[in-house]
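K.L.:
In case you want the letters, here they are:
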Amino acid sequence: GAVVSQHPSWVICKSGTSVKIECRSLDFQATTMFWYRQFPKQSLMLMATSNEGSKATYEQGVEKDKFLINHASLTLSTLTVTSAHPEDSSFYICSARDPFTSGQYFGPGTRLTVL
Amino acid sequence: QQQVKQSPQSLIVQKGGISIINCAYENTAFDYFPWYQQFPGKGPALLIAIRPDVSEKKEGRFTISFNKSAKQFSLHIMDSQPGDSATYFCAACPSGYALNFGKGTSLLVTP
Numbered sequence: 001g002a003v004v005s006q007h008p009s010w011v012i013c014k015s016g017t018s019v020k021i022e023c024r025s026l027d028f029q030a031t032t033m034f035w036y037r038q039f040p041k042q043s044l045m046l047m048a049t050s051n052e053g054s055k056a057t058y059e060q061g062v063e064k065d066k067f068l069i070n071h072a073s074l075t076l077s078t079l080t081v082t083s084a085h086p087e088d089s090s091f092y093i094c095s096a097r098d099p100f101t102s103g104q105y106f107g108p109g110t111r112l113t114v115l
Numbered sequence: 001q002q003q004v005k006q007s008p009q010s011l012i013v014q015k016g017g018i019s020i021i022n023c024a025y026e027n028t029a030f031d032y033f034p035w036y037q038q039f040p041g042k043g044p045a046l047l048i049a050i051r052p053d054v055s056e057k058k059e060g061r062f063t064i065s066f067n068k069s070a071k072q073f074s075l076h077i078m079d080s081q082p083g084d085s086a087t088y089f090c091a092a093c094p095s096g097y098a099l100n101f102g103k104g105t106s107l108l109v110t111p
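So the sequences go chain by chain: V and C.
Here the first sequence is numbered in this note's numbering, starting from 1 and rising by one per residue.
Here the second sequence is numbered in this note's numbering, starting from 1 and rising by one per residue.
Treat the hints with care, as some may be off.
Now the in silico label distances, taken between C-beta atoms and shown as ranges [unchecked claim]: (1) Gln42(V) - Ser69(C): 29 to 37 Å; (2) Arg61(C) - Gln42(V): 26 to 34 Å; (3) Asn67(C) - Asn70(V): 35 to 43 Å; (4) Ser15(V) - Ser65(C): 46 to 54 Å; (5) Asn67(C) - Thr31(V): 30 to 38 Å; (6) Ser73(V) - Asp53(C): 32 to 40 Å; (7) Asp65(V) - Ser55(C): 43 to 51 Å; (8) Thr17(V) - Arg61(C): 43 to 51 Å; (9) Arg61(C) - Glu52(V): 34 to 42 Å; (10) Ser15(V) - Lys68(C): 47 to 55 Å; (11) Ser89(V) - Glu56(C): 39 to 47 Å; (12) Asn27(C) - Ser18(V): 30 to 38 Å; (13) Pro8(V) - Asn67(C): 39 to 47 Å.
I should point out that these hints are in silico values taken from the structure, not numbers from a laboratory.
C-beta: ideal position from N, C-alpha, C; glycine also.
Put together the whole structure using the sequences plus the hints.
P.N.:
Dropping the structure here:
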C-alpha cells in the first residue's frame, strides 16, 4: 500500500522558535498533499491544501504567515510553524493523494509541544 | 458546519460481534467515501473506501454499505476483535479534494 512518512515524529521547542515538519510520499508521486491538525479526542481539522509547484490554499482561520507550506516536489511537502506558541501544541498530520487510485494516505503524525 | 455526520460517538462490542458505524452526508458532489482507523498517537490508516457506483464493498472483515439515495454509508466490522479497538473516522469528498471527516467513533471490543 501507499506509504507516507513524516519527520520528526515528535518535537519539543521553546516559545518563539520555528519548527519544520516534513511529509514525504515514499512510493508514489503526490501532486496534492494536505495538512491537518488534531486535538486530543477530536477529529482532524484541515489546515491547508498543498499543490506541487503552486501556493498552498489555506482554510478559513488558518494564518498562512504562521503556518508556511512548501510543496517543492512531487514527493515532499513541508509545514513550518513560525514563532511557535504553546497554543500551537498539537498533533499535525499530513496526507498525500495518490493520483492513480485517488486514495488519500496519512503520515504517522508529528506531536508538537511548545513550552 | 459538519459536512459528514457520524454515529455513534462510542461503541462497545463483545469479541466476535459485529461493530456498525454510520455516517451521513449532504453534499451530492461527494464521490469518494473512505473509512480510517486510528490508534492513539498514530496517523489514520485507510481501511476501505467506496465510490457511489457500488452499494457494497468488502475487504476481509470490513464491509462498507452505501445508500446513495439516502446519502448514508456505514462500516461493518465482522467478528470484531480486541485489536480492532480504535477510533474510526468516516470521510467524504469530491475526487481530488480534501476529505471532510466525521467526528469519529471510539470502538472498544471486550474480550
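K.L.:
Look at each hint and say if it fits the structure.
P.N.:
Structure-based check of all given hints:
1. Gln42(V) - Ser69(C): 29 to 37 Å: holds, 31 Å
2. Arg61(C) - Gln42(V): 26 to 34 Å: holds, 27 Å
3. Asn67(C) - Asn70(V): 35 to 43 Å: holds, 41 Å
4. Ser15(V) - Ser65(C): 46 to 54 Å: holds, 48 Å
5. Asn67(C) - Thr31(V): 30 to 38 Å: holds, 32 Å
6. Ser73(V) - Asp53(C): 32 to 40 Å: Roughly 34 Å apart at Cβ, these two residues keep to the hinted range, so it holds.
7. Asp65(V) - Ser55(C): 43 to 51 Å: holds, 46 Å
8. Thr17(V) - Arg61(C): 43 to 51 Å: holds, 45 Å
9. Arg61(C) - Glu52(V): 34 to 42 Å: holds, 37 Å
10. Ser15(V) - Lys68(C): 47 to 55 Å: Holds, at about 50 Å.
11. Ser89(V) - Glu56(C): 39 to 47 Å: Taking Cβ atoms as reference, Ser89(V) and Glu56(C) lie about 42 Å apart, which means the hint holds.
12. Asn27(C) - Ser18(V): 30 to 38 Å: holds, 37 Å
13. Pro8(V) - Asn67(C): 39 to 47 Å: Roughly 42 Å apart at Cβ, these two residues keep to the hinted range, so it holds.
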